[in-house]
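Colleague: Sequences listed follow chains A and B, in order. Under the working numbering, think of the first position of the first sequence as 1, with each following residue one higher. Under the working numbering, think of the first position of the second sequence as 228, with each following residue one higher.
Be careful, since some hints might not be right.
Derived lysine-lysine pairs resembling DSS-like cross-links, with alpha carbons at most 27 Å apart [what the hints assert, rightly or not]:
1) B:Lys-338 <-> A:Lys-219
2) A:Lys-219 <-> B:Lys-413
3) B:Lys-295 <-> A:Lys-133
4) A:Lys-219 <-> B:Lys-335
5) B:Lys-255 <-> B:Lys-551
6) A:Lys-133 <-> B:Lys-296
7) B:Lys-328 <-> A:Lys-219
8) B:Lys-328 <-> A:Lys-133
9) A:Lys-133 <-> B:Lys-294
For the record, the hints were derived by calculation from the structure and aren't laboratory data.
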Amino acid sequence: MEFLREILWQVAPIRYFFENISRIITYTQNHLELTMVGVILAIILWVSVGIIIYRYPKLSHGVLGIASIVMCIPSIALYGILLTLPGFGLGRTSALTALVLYAMLPIVRNVFVALRSVDPSILDAAKGMGMSKQEVLWEVQIPNALPTIFAGVRVALVMMVGIATLATYIGEQNLGRLIQHGITRTHPTMIIVGAVVVSIIAIGIDLLMGLLGKHLISKGLQLEESK
Amino acid sequence: MIRLEGIGKEFGDFTAVKELSLEIPEGKTCVMVGPSGCGKTTTMRMVNRLIEPTRGTVYIDEQDYKKKKVEILRRDIGYVIQEVGLFPHRTIAENISTTPKLAGWDDKKIKKRVDELLEIVELNPEENRNKFPRQLSGGQRQRVGLARAMAADPPVMLMDEPFAAVDPITRENLQNMFLRLQRKMKKTIIFVTHDINEAIKMGDQIAILKEGELVQADTPEELLANPKNQFVTDFIGVDRAIKILDLFSTDEVMWTEAPVISKKNMQEEAQKLIEKGEKGIPVIVEDEQGNKFWFDLDELESGQSLEEIIRPLEITLEPTNSIKLAMARMLEHNNDAVLIIGDDDEEPGILTLKGIRNYVYRICASDPGEKVEI
Chain A
1 MEFLREILWQ VAPIRYFFEN ISRIITYTQN HLELTMVGVI LAIILWVSVG IIIYRYPKLS
61 HGVLGIASIV MCIPSIALYG ILLTLPGFGL GRTSALTALV LYAMLPIVRN VFVALRSVDP
121 SILDAAKGMG MSKQEVLWEV QIPNALPTIF AGVRVALVMM VGIATLATYI GEQNLGRLIQ
181 HGITRTHPTM IIVGAVVVSI IAIGIDLLMG LLGKHLISKG LQLEESK
Chain B
228 MIRLEGIGKE FGDFTAVKEL SLEIPEGKTC VMVGPSGCGK TTTMRMVNRL IEPTRGTVYI
288 DEQDYKKKKV EILRRDIGYV IQEVGLFPHR TIAENISTTP KLAGWDDKKI KKRVDELLEI
348 VELNPEENRN KFPRQLSGGQ RQRVGLARAM AADPPVMLMD EPFAAVDPIT RENLQNMFLR
408 LQRKMKKTII FVTHDINEAI KMGDQIAILK EGELVQADTP EELLANPKNQ FVTDFIGVDR
468 AIKILDLFST DEVMWTEAPV ISKKNMQEEA QKLIEKGEKG IPVIVEDEQG NKFWFDLDEL
528 ESGQSLEEII RPLEITLEPT NSIKLAMARM LEHNNDAVLI IGDDDEEPGI LTLKGIRNYV
588 YRICASDPGE KVEI
């Protein structure tokens, strides 16, 4: 054991990681906090917007257009813009706003497309049996659209983990800080540790979302169509 | 009872249904049939207000259906569609309990009803209640679709080409099952199809539509015997005569007063019949062992000996059998008559090939619009 420890200690990033473990934990906590709050806000906001543009398809063109434009703005530039707006400034408000904006395209678009592609005969049957518009939406349409909606949220969340890294430039104390400081101090070990930890978190969250999806999405929808 | 009163529908400039009035008596099945675009599905969908009529209204049990809240109205109308439309995210049991749940039944009652319905549509409850729709075949799905539509025991049902999407064998099974059910349930049904054979099989009443107008509404028998115009004749098809065979039962065509003579003295007795002025009737000949033979009185006039003319009467059918079955039996046995024997109080009869030929010809030879008594 002692021998193994000696060898591992020779690998700089591992040594750095263990020597700075408490700081890295704090960074990780902040990182997760930001992305989690961000994704919850994004789901509430963008799923609603997706439902609204499904109900009023005239709005869909404009809304999806805006979402595409937001997606095109480089994240560092978006943080910069938000920083200058009154009421935003340095800190969490700007960071959260940026994350929520980036989640707009994957979530809104997937909600819209998913609701539209639910088999019309299912909806016809639901209406014909006497379900109200709300019952059709919540009991039939959304459960059937869930695989696609969930896929959108999953993409958004993984993306947010990455984009949150850059929020270090507007004052967030998260894993991006390791990379930022590593660059300014030309300390490659710091950069490597930051990058690897962020990547592991992103991959881990993606896997978790996969498992969560299996539980949330009805078994009936995960089955292959027979014959 | 359903009464459509002058209902019509316009989609922009296009008139889907002009002004249609039709009454479907309690417990009867009305099949709406016609070429695509004739307005049959639109008409049906106006009955549960999935399409709002531009004019006219519908009375269900003498009540104007617009007086009810639309969701409540639909819960009392079973709805079956070609694509079935089962909810793929819900189990079979959950699918079937849709309307009972909307109506607020308690769980125990729902559970019991689900099993009962699965039995009715001939699916094993144990095996199927927890399956998902994607685990079932097309025919099984439509059975579940039927069970779901009947769940809250609605008095009225709408069925839009319910058996069109399955293979012919499954279709026939489903049709027969549904006919058996309907005999017990006695629901008032509007059934839409483009298949005239299905219409004749399923309907107590057939409504033929063309370009948004009702052309003829009659019983299948009336429709085949008295098509109102060339369109109806063409729609029924070139094999109208064969379809008629399926629709009429042997007791409608058979001779009940055929004379019975003994084999021993048949030549003399036949002569007596001719002298009495009888002509062109079947005569039954019975020997001492009770074996039956027959001949047509017209055949004797050619001067032959009866011994050469008579042939055995060996096939027996019931009065309720179709004349199609009688035809099939005759062809199989190379015979040209069958004996029809019913219950003791019913008079036995003889059904001959010639009799069928004359009967069908009389019905078919008339021009469209000309009345034939049936």
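Colleague: Each hint needs a verdict: does it hold in this structure or not?
Modeller: Hint-by-hint comparison with the structure:
For the given pair, Lys-338 (chain B) sits about 21 Å from Lys-219 (chain A) by alpha-carbon distance, which is consistent with the 27 Å threshold. Of the supplied pair hints, the one linking Lys-219 (chain A) and Lys-413 (chain B) is violated, its CA atoms being roughly 37 Å apart against a limit of 27 Å. Note on Lys-295 (chain B) and Lys-133 (chain A): the hinted pairing holds, with a Cα-Cα distance of about 17 Å set against a maximum of 27 Å. Annotation: proposed proximity of Lys-219 (chain A) to Lys-335 (chain B) holds, straight-line Cα distance about 24 Å (limit 27 Å).
Annotation: proposed proximity of Lys-255 (chain B) to Lys-551 (chain B) holds, straight-line Cα distance about 25 Å (limit 27 Å). A C-alpha spacing of about 13 Å is found between Lys-133 (chain A) and Lys-296 (chain B), which places the hinted pair at or below 27 Å, so the restraint holds. Taking the CA atoms of Lys-328 (chain B) and Lys-219 (chain A), the gap is near 21 Å; set against the 27 Å cutoff, the hint holds. Proximity of Lys-328 (chain B) to Lys-133 (chain A) is assessed by CA-CA distance (about 16 Å); at most 27 Å being required, the pair is judged to hold.
About 20 Å separates the Cα atoms of Lys-133 (chain A) and Lys-294 (chain B), which keeps this hinted pair within 27 Å; it holds.
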